[in-house]
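With these hints in hand, go ahead and build the complete structure from the sequences.
Chain order of the listed sequences is A and B.
Per our numbering, the first sequence starts with residue 1, numbered consecutively.
Per our numbering, the second sequence starts with residue 1, numbered consecutively.
For the record, the hints were derived by calculation from the structure and aren't laboratory data.
It should be emphasised that the depicted structure is a prediction, and the values quoted were computed from it without experimental measurement.
Heads up, a few of these hints could be off.
[To be verified] The calculated DSSO-like cross-link candidates involving lysine-lysine, where the alpha carbons are at most 27 angstroms apart (straight line), are:
| # | chain 1 | residue 1 | chain 2 | residue 2 |
| --- | --- | --- | --- | --- |
| 1 | A | K152 | B | K29 |
| 2 | A | K16 | A | K38 |
| 3 | A | K38 | A | K152 |
| 4 | A | K38 | B | K14 |
| 5 | A | K152 | A | K16 |
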Amino acid sequence: MSVSLEIVGSILSDYKRDHGLRPAAPGHIPANDEIPIKTRLLHPYVEQRGIVDQINIFEVDVIGHHIIAQVQTYFGAIGAYSNGDIANIYYAQNQNLCWRRFAVCKEMYHCMIDRLPNSRVNTLASLSSLLSHLAVDTTSVTGGFPPFTSEKAAELYSLETLFPLEFRLRHEADYRSGQVSDTDLATMYRIPLQYVQIGFDPNYMQAIRMLRGRLLQLD
Amino acid sequence: MSKTITTFDECFSKAFAEGLSDIKFFVRKGENLTVEELKAEAVAFQCAINNGQAVQVASVD
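Now the structure itself:
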């Protein structure tokens, strides 16, 4: 699977058309309805583009130390009481809003990108292999494993959706000069701190600029 | 009486047999994370789901 950011641009374009695309104001802690990109508003766009008929989200009473969310997909359910193809996204209750949002957005992307059978995990062997890769990334030695490639792609798409390049460019000068910190930005955009830092890594930003192509105009 | 599922193989063999077509995880990495730790967490997560400890929500934000 190659990483293409066309899907992110497409989703953001629809979001801008329907809800506007406005960067957060520095120094302002947004209330939930002021978060610049809300996952609940992404939900219909994902279902429109997705490989399932319905996406459900569940909070699970479990302590996630490392696994903080997952998506389980059921294809081809048939019968009079079937809901069709469905995806259930589960997140651990102990995660804060930033991690919940990021994780749910990441799992939503799986509902759009995991179209090929070899990107799916539906055997004990492939599940063990995926968990091995997630514990220790050995792809540089062992070669690519499509489900793991999909995990990394979905993570990247989540970052580029919840804190898109358009917004980062707006804040870049203030960030580089120290007028706004990574903690400030994590709070303003309600994403985990470490993804703000990744988002501003110069090499990462350069790669994303090339992959995104033409950017959207902000409101 | 149903048997309590505690092992990774039992837990996910049952899930795949019941129609699970794909599963992906979001992992928050830590130092020296092992596959055994992840397997144990995956089983705990699945047991919680199977035991009705999952509540559907409209959204997270």
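Outcome of the hint check:
The straight-line distance between the Cα atoms of K152 (chain A) and K29 (chain B) is roughly 13 angstroms, inside the 27 angstroms bound, and the hint therefore holds. For the suggested pair K16 (chain A) and K38 (chain A), the alpha carbons sit about 12 angstroms apart, so the restraint of at most 27 angstroms is met. The suggested pairing of K38 (chain A) with K152 (chain A) holds, with an alpha-carbon distance near 21 angstroms, which does not exceed 27 angstroms. Of the pairs offered as hints, the one joining K38 (chain A) and K14 (chain B) is violated, with about 35 angstroms between alpha carbons and a cut-off of 27 angstroms exceeded.
Between K152 (chain A) and K16 (chain A) the alpha-carbon distance is near 26 angstroms, which keeps this suggested pair within the 27 angstroms criterion.
The structure is inconsistent with hint 4 alone, although it conforms to all the rest.
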